[in-house]
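**Student:** Order-wise, the sequence lines are chains V and C. If you count the first sequence from 1, position 68 lands on 68 in our numbering, and the numbers rise without skipping. To convert a position in the second sequence, counted from 1, into our numbering, add 279.
What the hints contain is simulated information worked out from the structure, not anything from laboratory work.
Covered stretches of chain V, as calculated for chain C (at least 3 residues, CB under 8 Å):
{"#": "1", "region": "105 to 118"}
{"#": "2", "region": "129 to 137"}
Computed spacing ranges between beta-carbons, pair by pair:
{"#": "3", "chain 1": "C", "residue 1": "T526", "chain 2": "V", "residue 2": "G166", "range": "25 to 33 Å"}
{"#": "4", "chain 1": "C", "residue 1": "R390", "chain 2": "V", "residue 2": "D35", "range": "31 to 39 Å"}
{"#": "5", "chain 1": "C", "residue 1": "A713", "chain 2": "V", "residue 2": "I130", "range": "38 to 46 Å"}
{"#": "6", "chain 1": "V", "residue 1": "I130", "chain 2": "C", "residue 2": "A450", "range": "20 to 28 Å"}
{"#": "7", "chain 1": "C", "residue 1": "T689", "chain 2": "V", "residue 2": "R43", "range": "48 to 56 Å"}
We put the CB at the ideal spot given by N, CA and C, even for glycine.
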Amino acid sequence: MTNSTIDHEAVPSGIEPSASSVLNAASMVPLSIEDVTVAYHRRPVLWNIDYQAPRGKLVAIVGPNGSGKTTLIKSILDLIPRAAGRVLIFGQEYKTQRHRVGYVPQRTSVDWDFPVSALDVVAMGLYRKIGWFKPVTHAHRETAKQALDRVGMLDFASRQISQLSGGQQQRVFLARALVQNADLYFMDEPFAGVDAATERAIVDILRSLRESGKTVIVVHHDLQTVHEYFDEVMLLNMRLIAAGPTSEVFTTENLRKTYGGKLALLDQLSEKMARPRNN
Amino acid sequence: MSSVLGVVDSMLELLFRAITLRDYNTRIVLGGTTLLGISSGLVGTFLVLRKRALAADVVSHSALPGIAIAFLVAERLSPGSGRSSSILLIGAFVSSLLGMGMTMCIRRWTRIKDDAALAIVLGLFFGLGMALFTVVQRTATGNAAGLQHFIFGKAASIVAADVWLIAEVSAVVTLLCCALFKELSLLCFDEEFAAARGYHTFVLDGILTLMAVTVTLIGLQSVGLLLVVALLLIPPTAARFWTHHLTSMALIAAAIGGLSCGIGVLLSAAFPRLAAGAVIVLSGAVLFVLSLLFGRSHGLWPRWRSQREFEQKIGRSDLLRACFEYIEPLFNIDEISARKLQSVSIPPSRLLNIGHWPESHFQRLTASAEKSGLLRFSSDGWQLTMDGAVEAMNVTRQHRLWELYLLTQTDLDPRLVDRGADGIEHALDSDQLARLEGLLSAASDQRIPPSPHVITGAANSDST
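Pulled out of the complex, with its shape left as it was, chain V reads as follows (with noise of 0.2 Å):
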């Protein structure tokens, strides 16, 4: 068995060179969507998504709202099926490749006044790799805390969660994705309703995460910081618009595609079918 330092898949041997090149340059793609297509309630949300994400980047989904953005980020995990289409991550299903993914959804559903304290959340990031019938041990928790510290929130580690602000409660989230350690995170409008201080400490760490060579896939709300902070773009209206670099990509011309007003022709027939029979 071949063993590389950089993949985490080992090749194996009877296999010609040039075959395991492709499978290495495949491993090296953190994330490819080939022709993906998602249906909700008979209505197509996301059409005929392509898109292979660089390594070591930081990547913005932008579109208007309904626009399927938290809806692609779902069917890449696998919580929402896809109609048509595959997802490889890291030349591998989801599945298989699950300890190497983090996920920061959005900061919406949570119930607030559940018995969990800060230390806790982050906690629970680790269960998988703890794994069935094994306690929280010790380490465990010291490894959270570390992760608490990375967020700047290891001070708040035994308090309550709704005792938190709103950019608190999403550090604490984020520490949560951190702890595992992961080669690819997917992030949710991470800096939606966060303060200042808060903005500036993700971005730090969404930059450290890059450095280390890890890739960071987010959905984006605000879109005029999307060229200070991020190397890629992506422009999704329930069409992959345009992808690229944020330099080539984020023109005006692309942006007034994504969210201009007009109902394309794909816009009025996903309305009519959404619409029922006999209406």
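Go by the hints and put chain C onto chain V.
**Tutor:** For chain C alone, coordinates are given in the frame of chain V:
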């Protein structure tokens, strides 16, 4: 007279017998039912956190028709077998499953919401059960007594064989809860994240539901189907008042569940006429009320007490600051020291004037300060002690810094600054104070900045 004494005497004797566990049967029943209480406390915790609390209600109430039908069928096929609790439990199980299934179908295929769906199913099944029950009472003779116990519980007089079943099942459920503790916690807290991490949330939910159904069904015999839902729900809600950690909450819920079952069984053994299920649940309810009142986290008494302490702290600071402000004009501000402060006697009426307190409140404040060694009463009035003087200087400094901050950084009207400062300054800790001093670099050179507004009633003013 002697007959009354006789009755009381025998009751006490029964109670004594029960408590000292002299009765073999009571011992077993106590052990088994306590285990039931522990397991239902644990399962109930997850149910409450998963917001499925009333699922237990559906399970228990929809068991009734199944029990009645099982009895009638068993009596028809082989008279006398209607007493067997295993047969009745099977009937309960099937009927409960149908009830839960119907609730899920209503939720899935119609627009009817959770609570209405529950009410519909409950009404349907329980109504059917009651109707069947009257049939049972008219047909069967002595065998129907067993059915009554399913409704009202018979904890203290359960047959030993049934208790073993209860104990075994409860032990299994308890172990399962412990083994799956962290996975179930994650499921209750953040289902989406759990799914993203690869947990089959549907399966976990199924396990939780199965445990809830199991505990409810074995609890039917002890507590009765009317009240078994309370056995699941009261311990965790009571436990919530004592902690904000999930692990502690589960442990306390298990303890409260076990305790209320234990107390209930003992009391029920001593007073055999009382419905056992009711006694158990009432014990739980008493523990709940105690938790509500005295629980360390969110209990009413601790909250009231900490509020009182905070108010007293504010009152104390204001009093000391009023003393300082009275004395202040008598000296050059750079020369003020604790010793100088100690030397001045303040007439009580002038002090009252500065602080604008009601007379009675003022008396309480000064008395309390005197008891704490901060003030001393002399013939001319109140004097600060050494401790009081040092504290007065600290408190005034804090207040003045905060006033300065409000004035210079927030454009607040100077007339409102005093009022604004009063609230916040008591919440400042030492870190925040250091930041404040950093911000107001000019002010931190002086030991105590002068007041930005006029203080009426001070030593050098004409007003009284």
